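Chains A and L are the protein sequences, given in the same order.
So for the first sequence, my numbering puts the first residue at 14; every next one is plus one.
So for the second sequence, my numbering puts the first residue at 2; every next one is plus one.
FYI, nobody ran anything at the bench for these hints, they're computed from the structure.
Do not rely on the hints blindly, as some may be mistaken.
Said to hold, decoys possible - Here are the simulated distance ranges between beta carbons: (1) L:G44 to A:L228: 36 to 44 Å; (2) A:V74 to L:A116: 50 to 58 Å; (3) A:R34 to L:G16: 31 to 39 Å; (4) A:F183 to L:A191: 49 to 57 Å.
Unchecked claim - In silico negatives: residues of chain A with every beta carbon more than 10 Å from chain L: (5) S19; (6) L24; (7) A43; (8) G99; (9) P104; (10) A120; (11) V124; (12) L130; (13) V141; (14) V147; (15) V151; (16) D207; (17) P208; (18) I211; (19) L217; (20) G227.
All values reported here derive from a predicted model rather than from experimental measurement.
Here a beta-carbon is modelled for each residue, glycine too, at the ideal position from N, C-alpha and C.
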Amino acid sequence: MTRFLSQVRTLIWKDLLVEARGRETVLAGAVFALLVLVIFNFAFDLRVENAAAVAPGILWVTITFVGVLSLGRAFARERDRRTLDGLLLAPIDRSALYLAKVFTSIASMLVVEVVALPVFVGLFNLSVDLPLLVLALVLGTIGLAGVGTLFAAIAAHTRAREVLLPLLLFPIQVPVILATVKSTGAAIRVPGLDPPEIGQWLGLLVAFDALFLGLSVLLFDYAIEEE
Amino acid sequence: MTALRAEGLTARYPGQPTSNSALIDVDLEVEAGERLLLLGPNGAGKSTFIRVFAGLMRASHGQALVRGRPARSARNLVGVVSHATYLYDELTALENLRFYAELYGVKSPYERAVALLEEVGLPRLANEPVGRLSRGQQQRVTFARALLHDPPVLLLDEPDTGLDLAAFALVEELTTRHQRTVILTTHNLATGLRLGTRVGVLARGRLVHQQTSASPADAPALTELLERLGRI
Numbered sequence: 014m015t016r017f018l019s020q021v022r023t024l025i026w027k028d029l030l031v032e033a034r035g036r037e038t039v040l041a042g043a044v045f046a047l048l049v050l051v052i053f054n055f056a057f058d059l060r061v062e063n064a065a066a067v068a069p070g071i072l073w074v075t076i077t078f079v080g081v082l083s084l085g086r087a088f089a090r091e092r093d094r095r096t097l098d099g100l101l102l103a104p105i106d107r108s109a110l111y112l113a114k115v116f117t118s119i120a121s122m123l124v125v126e127v128v129a130l131p132v133f134v135g136l137f138n139l140s141v142d143l144p145l146l147v148l149a150l151v152l153g154t155i156g157l158a159g160v161g162t163l164f165a166a167i168a169a170h171t172r173a174r175e176v177l178l179p180l181l182l183f184p185i186q187v188p189v190i191l192a193t194v195k196s197t198g199a200a201i202r203v204p205g206l207d208p209p210e211i212g213q214w215l216g217l218l219v220a221f222d223a224l225f226l227g228l229s230v231l232l233f234d235y236a237i238e239e240e
Numbered sequence: 002m003t004a005l006r007a008e009g010l011t012a013r014y015p016g017q018p019t020s021n022s023a024l025i026d027v028d029l030e031v032e033a034g035e036r037l038l039l040l041g042p043n044g045a046g047k048s049t050f051i052r053v054f055a056g057l058m059r060a061s062h063g064q065a066l067v068r069g070r071p072a073r074s075a076r077n078l079v080g081v082v083s084h085a086t087y088l089y090d091e092l093t094a095l096e097n098l099r100f101y102a103e104l105y106g107v108k109s110p111y112e113r114a115v116a117l118l119e120e121v122g123l124p125r126l127a128n129e130p131v132g133r134l135s136r137g138q139q140q141r142v143t144f145a146r147a148l149l150h151d152p153p154v155l156l157l158d159e160p161d162t163g164l165d166l167a168a169f170a171l172v173e174e175l176t177t178r179h180q181r182t183v184i185l186t187t188h189n190l191a192t193g194l195r196l197g198t199r200v201g202v203l204a205r206g207r208l209v210h211q212q213t214s215a216s217p218a219d220a221p222a223l224t225e226l227l228e229r230l231g232r233i
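Can you build the whole structure from these sequences, using the hints too?
The following block contains the structure:
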């Protein structure tokens, strides 16, 4: 167990260091998120009465797009540079590689969300319950990264990986997107309206995260092997 | 003691027809301490043979055994050098080696990485990002990476890529120093015959020729054989 955790820590350290020096994923993701939010701001005419219904969808479409970009890069970069072979040559538990990639994907997506969230709140002039919004973001991001990392590993072996990843990911992500949009909606305060009960949606998110993280750990060995 | 054994080894890539497998029914034994020079025209299956024994590719039939264990569960016994460096451009040479040393569970990874950088003649470039090193320097770091866990078996797939003569002399020394079992593929027959102790020739996935010795004097006959196979 100690060796497993040490491998996960080593892989995370490497990924964070490569990202910190290359700044490929986070920087591109943050710029992309801001652009999408600005475009949505021009495209939608949000008023106080429809903000809670529309704004969560805008936020999660943005986060999902950023997630697909970030997850796709996680393995595509390793594969393009042939460093994935270097990792697979090492006598490491494949699930350590999976968990490290999930962690670094979550970390990079959360950094982008920290940048995008104030812009989202400001552009759409929203009043939010911050702790609830952060909880929904974290749980939703874990769900997105958990399944997305598995599919990114599968898609990385194909030529059409940029197309294949969203095609594989989005249908499976429907429960997460639904639950996070509902939870995010409840975190947006509308004057004169009580926030809806969202315990069941948060419960669904936690269950989805646990189920798919567990399944992905078991399946990753098959997903990462090319031949 | 048999270090490597291929038993009816057949391997093919996804989508490749059975009749056109990358390796077909290869039977081969390499004793501990032997250095097998694997030759063959392009597409003969040399790199596939290395990938199977490195545990990067499954055999579709037959077995690839390293010291009696299936190759995929013997990764800690094998060091691999290929034309791909497996190094991260953003990390320094020392960081790359330390990273891989930790993955291989090497004791004192930092000290081992420093010692190997000394051995491959790059102590002054330890803190230089690998992306800024020349191809030859990167290949030296790649050799250090392959030796981190002191593997008894080395798989060298065209290791002379980007190396000048002096650097390759160092590689020869590192490869032969500890009586490791080596499988080597190279397009440079002269250096291959200097390093190898026996020869195997692959053509279209089949082992078509073996000899239990290797010397520079074999070069003309092997060149003729390779030219003939290349024309088939």
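Comparing the hints with the structure gives:
A C-beta distance of roughly 39 Å is found between G44 (chain L) and L228 (chain A), which places it inside the suggested range of 36 to 44 Å. Checked against the hint of 50 to 58 Å, the C-beta distance between V74 (chain A) and A116 (chain L) comes to roughly 52 Å, which is consistent with it. In this structure the hint that R34 (chain A) and G16 (chain L) lie 31 to 39 Å apart at CB holds, the actual value being about 37 Å. Checked against the hint of 49 to 57 Å, the pair F183 (chain A) and A191 (chain L) passes, with Cβ atoms roughly 56 Å apart.
Residue placement check: S19 (chain A) does not keep its beta carbon more than 10 Å from all beta carbons of chain L (closest about 7 Å). Once the 10 Å rule is applied to beta carbons, L24 (chain A) is inconsistent with being away from chain L; the minimum gap is 8 Å. Every CB of chain L is more than 10 Å from the CB of A43 (chain A) (nearest about 19 Å), matching its label as outside the interface. Taking the minimum C-beta to C-beta distance to chain L, about 3 Å, the non-interface status of G99 (chain A) is violated against the 10 Å cut.
Listed as outside the interface, P104 (chain A) is inconsistent with that label: its C-beta sits roughly 4 Å from the nearest C-beta of chain L, within the 10 Å cut-off. Distance to chain L confirms A120 (chain A) as a non-interface residue, since its nearest Cβ pair spans about 17 Å, more than 10 Å. Look at V124 (chain A): its CB is around 18 Å from the nearest CB on chain L, clear of 10 Å, so calling it non-interface holds up. Against the 10 Å criterion, L130 (chain A) stays outside the reach of chain L, whose nearest CB is about 28 Å from its own CB.
Distance to chain L confirms V141 (chain A) as a non-interface residue, since its nearest Cβ pair spans about 37 Å, more than 10 Å. Every C-beta of chain L lies more than 10 Å from that of V147 (chain A), the closest at about 31 Å, which supports listing it as non-interface. With a cut of 10 Å on Cβ distances, V151 (chain A) stays outside the contact zone with chain L, its closest approach being about 28 Å. Annotated as non-interface, D207 (chain A) keeps its C-beta farther than 10 Å from every C-beta of chain L; the closest such distance is 51 Å.
Against chain L, the non-interface label of P208 (chain A) holds: every CB pair exceeds 10 Å, the least being about 45 Å. Chain L leaves I211 (chain A) outside its interface by the beta-carbon criterion, the shortest separation being 42 Å against a cut-off of 10 Å. Here L217 (chain A) stays apart from chain L, with its beta-carbon at least about 37 Å from theirs, past the 10 Å limit. The Cβ of G227 (chain A) sits about 24 Å from the closest Cβ of chain L, beyond the 10 Å cut-off, so the non-interface label holds.
Of the numbered hints listed earlier, those contradicted by the structure are 5, 6, 8 and 9.
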